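Protein chains in written order, with full-length UniProt numbering: chain A, 1 to 443; chain B, 1 to 443; chain C, 1 to 443.
If you are wondering where the hints come from, they were derived from the structure by calculation, not from laboratory data.
Heads up, some of the hints might be wrong.
Since the list gives no way to pick one copy over another, a pair counts as held whenever it fits inside one copy or between any two copies.
Below, computed lysine to any residue pairings styled on SDA-like, alpha-carbon distance capped at 25 angstroms [as the list claims (entries may be wrong)]: (1) K52 to F122; (2) K123 to T169; (3) K285 to L24; (4) K282 to W26; (5) K52 to T372; (6) K52 to V28; (7) K282 to L21; (8) K383 to Q281; (9) K378 to P428; (10) K383 to P42; (11) K378 to G35; (12) K52 to L415; (13) K52 to F385; (14) K52 to K383; (15) K383 to M55; (16) K123 to F336; (17) K426 to W17; (18) K282 to G125; (19) K126 to H47; (20) K383 to A423; (21) K126 to D374; (22) K52 to E250; (23) K52 to H251; (24) K126 to L181; (25) K378 to T169; (26) K123 to G377; (27) K52 to G125; (28) K383 to D64; (29) K426 to L182.
Because the structure is a prediction, the values reported are computed rather than measured.
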Amino acid sequence: MERPRHQGMVKNTYMRWRLPLVCLLWEVAMIVLFGVFVRFSPEADAHWEEEKREMNLTSDIENDFYFRYPSFQDVHVMIFVGFGFLMTFLKRYGFGAVGFNFLLAAFGIQWALLMQGWFHSFKSGKILIGVENLINADFCVGSVCIAFGAILGKTSPIQLLVMTLFQVTLFAVNEYILLNLLHVKDAGGSMTIHTFGAYFGLMVTRILYRPNLEQSKDKQGSVYHSDLFAMIGTLYLWMYWPSFNSAISEHGDAQHRAAINTYCSLAACVLTTMAFSSMLQKKGKLDMVHIQNATLAGGVAVGTSAEMMLTPYGSLIVGFICGIVSTVGYVYLTPFLESRLHIQDTCGIHNLHAMPGLIGGIVGAITAAAATEDVYGKEGFIKAFDFTGTYQTRTPSVQGGFQAAGIVVSLLMALAGGALVGAILKLPVWGDAAAENCFEDDI
Amino acid sequence: MERPRHQGMVKNTYMRWRLPLVCLLWEVAMIVLFGVFVRFSPEADAHWEEEKREMNLTSDIENDFYFRYPSFQDVHVMIFVGFGFLMTFLKRYGFGAVGFNFLLAAFGIQWALLMQGWFHSFKSGKILIGVENLINADFCVGSVCIAFGAILGKTSPIQLLVMTLFQVTLFAVNEYILLNLLHVKDAGGSMTIHTFGAYFGLMVTRILYRPNLEQSKDKQGSVYHSDLFAMIGTLYLWMYWPSFNSAISEHGDAQHRAAINTYCSLAACVLTTMAFSSMLQKKGKLDMVHIQNATLAGGVAVGTSAEMMLTPYGSLIVGFICGIVSTVGYVYLTPFLESRLHIQDTCGIHNLHAMPGLIGGIVGAITAAAATEDVYGKEGFIKAFDFTGTYQTRTPSVQGGFQAAGIVVSLLMALAGGALVGAILKLPVWGDAAAENCFEDDI
Amino acid sequence: MERPRHQGMVKNTYMRWRLPLVCLLWEVAMIVLFGVFVRFSPEADAHWEEEKREMNLTSDIENDFYFRYPSFQDVHVMIFVGFGFLMTFLKRYGFGAVGFNFLLAAFGIQWALLMQGWFHSFKSGKILIGVENLINADFCVGSVCIAFGAILGKTSPIQLLVMTLFQVTLFAVNEYILLNLLHVKDAGGSMTIHTFGAYFGLMVTRILYRPNLEQSKDKQGSVYHSDLFAMIGTLYLWMYWPSFNSAISEHGDAQHRAAINTYCSLAACVLTTMAFSSMLQKKGKLDMVHIQNATLAGGVAVGTSAEMMLTPYGSLIVGFICGIVSTVGYVYLTPFLESRLHIQDTCGIHNLHAMPGLIGGIVGAITAAAATEDVYGKEGFIKAFDFTGTYQTRTPSVQGGFQAAGIVVSLLMALAGGALVGAILKLPVWGDAAAENCFEDDI
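So that you can see chain A by itself, here it is in the shape it has in the complex (with noise of 0.2 angstroms):
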């Protein structure tokens, strides 16, 4: 690793004093925002006691930490090993994937604690928090882990921390208007997380776009323990996507329902990878690169949906489709991207989680719209999909609109943000990495 650098290189790049002033500086706004704003939620505070006497709750075991723990657990797993080894398979970046998944993920989920805390858990001038909103704050982070897999190796610490702090914020602003706004369900984020994160980090690296990139298409290149260890990342990503996308639904048969079809959705796309993978290749071989990824794309397609009435057939039909449609696209699409459109997606998040993504938001339209007193009941009717207040007379079709919406108000923000986002990150302050050093560990 100790090869001979150009000086002035290194000082682009790294900026001895940058990258430290940055975090200090933000770690200390963290702190103050914090100790203005942030306190414990009722479940979480010493008060506790009186509050279940309020609540009329028996037992401490219906503490929400009890319903949610163990899913936000997986869901950490998921961003900080899944995310991170899934990028791992590049031959000399591996440590660069792990450690800055690592640093922008760490930095993110106390952003998107403030920032998803002002919008949903505000409370006489205080953000409440309990472990729903650490869940949420994963998951907000997820969106800017799928980003970053479009840029990766062509970015600069700095960069990423300044694309953290943007797109947290208009993941926020997004998942604002979808869910108090349109009053949209989303579960597993098809449109908030996967079509967001994707179609931003796609536009991002759109903006960045490296022409004479070409010369380092040798380090695009996996060797054979850099793919072992991706599989790490994939397998974490495809074992806890039942959690991610039950982790903050409705306690109870909601939950249930959400892992019960995520895991069949999970499972068909596998088949249908391994099939179309196999078919496409020369000799009839497997692409690692597949199995690495479009094997998870039926996870992101049934997140919108997976918590309502999909059923098992429903979630294999979604999954058997999304294994086709990633695997096809990681095979014309991405070289498509590559020479037409100059967008250079490293990790080929296009077909992992921006066309899932889209597809989840349509499934779930169509399975709203669908939605009828009959199969869901008359009271889990109303609770599925919370008709209650000022939503008391939205039937399942008006329910589905919204639902379609959603999908293009993800895409126009992904889009507009990404481009401008991409538009900061090029601006010289940043320390851009130099062509030749991209997708190479330096740290």
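Based on the hints, put chains B and C in the right spot on chain A.
Chains B and C in isolation, oriented as in the chain A frame:
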């Protein structure tokens, strides 16, 4: 990884169209069968609010999801990461081990949901699935992963899929005979999963015996990093085994007890494995193969009895014995099986699953036969062995006899089934791997 | 790995018969002691149905198993995969790190169940164990894993087992003094686990000082893949630390709060670690050792106070400080300790556990002293500090004083115990590793 190869061989082994065709057709069949048969269990269905009232439950936390989901995720990790990575020790076959394990498990769980569903969760024409079905499907596939260990590196993916189809079917039949007809207890599957899976796999590998496999002996070795990857598999299996053995036990004390017994047995097993590994090796060094495998035998061997009142010291004794038996097996029995009986057991599943599985069945029979109302309490006694209805008058010693019968049935089903499936796999239509290609990653 | 070696050296180090003998004899002793003393706790015993009636519990979900099992499994992963893989960074000792960690932890948990059981779960002549005992045993062994980090690569397996035996014993005594005699709160073990374990290990390595270890300096380095393996350890420790600190807290709000505080502290710690790592290195690059270790200091340092009303911003401040202290320690203190004090601290546990552990104790004392009924609520105040019975009249400031005393006791016990055990380990009977063999895998 780019080496010149004979074109004919490639055609023979991977067959551009056969793998895709099998995957796609089978997945379509799954969708159709799921569409006809599979629906949500009442606890995962949107009618849950009504169900809750009927069952007189006051809180969503009493949904089976919260009793079993954390254990389910641990089991899920064992199947996909545990078994997958345990088999990465081969220096040139790491990706094949993880990748094919992924493929067969993803297919297997779907077919297992159907097969086990018809036998155990079939109500008015529908299979109603919940989290317990997901665990059972993972368990069933676990037995296929075990059998995969015997033939690792020597079969084509299509052969694996065919084996999975048949093995899952026979597993479900054997499980039905044991649990429903013999009314046997086997929560951790010493008999149904390990004994059945291992002898099935050993029989298959016997039938597929390749006399000229000696020539690829050098590829059967491990290298430094492949051994560390294998340790990831070992540790996840070891750590999560208490979840495996307790996942489908009765709510409350039985789950609690099963986890404790398994924890104790595994801890003891590590010490005797290390002792005998060091004692039997030249120069007293430890053998990595033993550490990777024999340390797990203690989990296998309390599979049947973990939920019974085996007591912590009973568990230590079982673990103590199994560490020895398994390690001695690796040193003396595996070479004997290969040279004399022509059983080429790549991962040594005879030592890790077959013998400890039999021991587990026997320990279960003894523990059941020794049960008294004094030790279990009046209610606990009935609950532990489900001595209700038709079985109201069954005594512990009779139960012990049935448990013993369960071992014999599992063994016979495995040997007969393995012989049958081995013969089917020999059909040239599946595209056997050439001997010189064995233990080589080529996907 | 096949190099010519001196026969004598091999004999000296591994001694064909000594390791097996020690393992077997100790395991037999465990079986006898478990047989005499260890039984199931009422919540894991088949009499649970009667127990439930007596405790007036209406549902199986109120079994302690469901409150703590998910956290237990996370802690279990931290001990075996987290600590094991964190120590794989040495380029030629990865297997030794994971393997010996596995051996000592498996032995340690059995002995810890007994030692802690006699002190805390002893009822009418029997130790009654449940899931909380398993967690505490894992915690106790965690402190041994920490000490192992200081002597990594420099000791024989027998020495490690002897150290484990003594350290677990002293741990239990120290824990008893703190929790029962001083009535100190230390749920995440800043004092009992980290301060004690780290200073114990540092003292042992000081006593075992090898002046000519310089010659194997080159083996102390890491290589690319060994660093990625170490990151697996880091991330699992980092992600699951909220479970570690909340695992044995009171049911309900305390567990909930402990997880949130730890999550916040760890997030802040990552940013200051990255900042100072970049600032203190030549050319502003990040140092992998810091990222692998100092990022975890935030979890150590809220160990005592996490279950108190530290508040999220308080946690951020603690994490902020510890990232700095730990990173600075790696850069300046470790070389100083080695050259001046002859403390060869292989993994830098002084920076990751010792200093943050002390900080954690102090933060705990301050947080306890600052507690008011206003912040905690009347009931919450009593519950949080267990101000009942003999301690009914203890005030927060007195509690703070006792907490501070707990730090001092832990420190003294660690130093005295470490000196004693170090002296014992110097006895030639255990077979010391030759200096030229250090940091080499040879099992």
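key: Structure-inconsistent hints, enumerated in ascending order   = Hints 6, 8, 9, 12, 16, 18, 20, 25 and 29 contradicted; others consistent.
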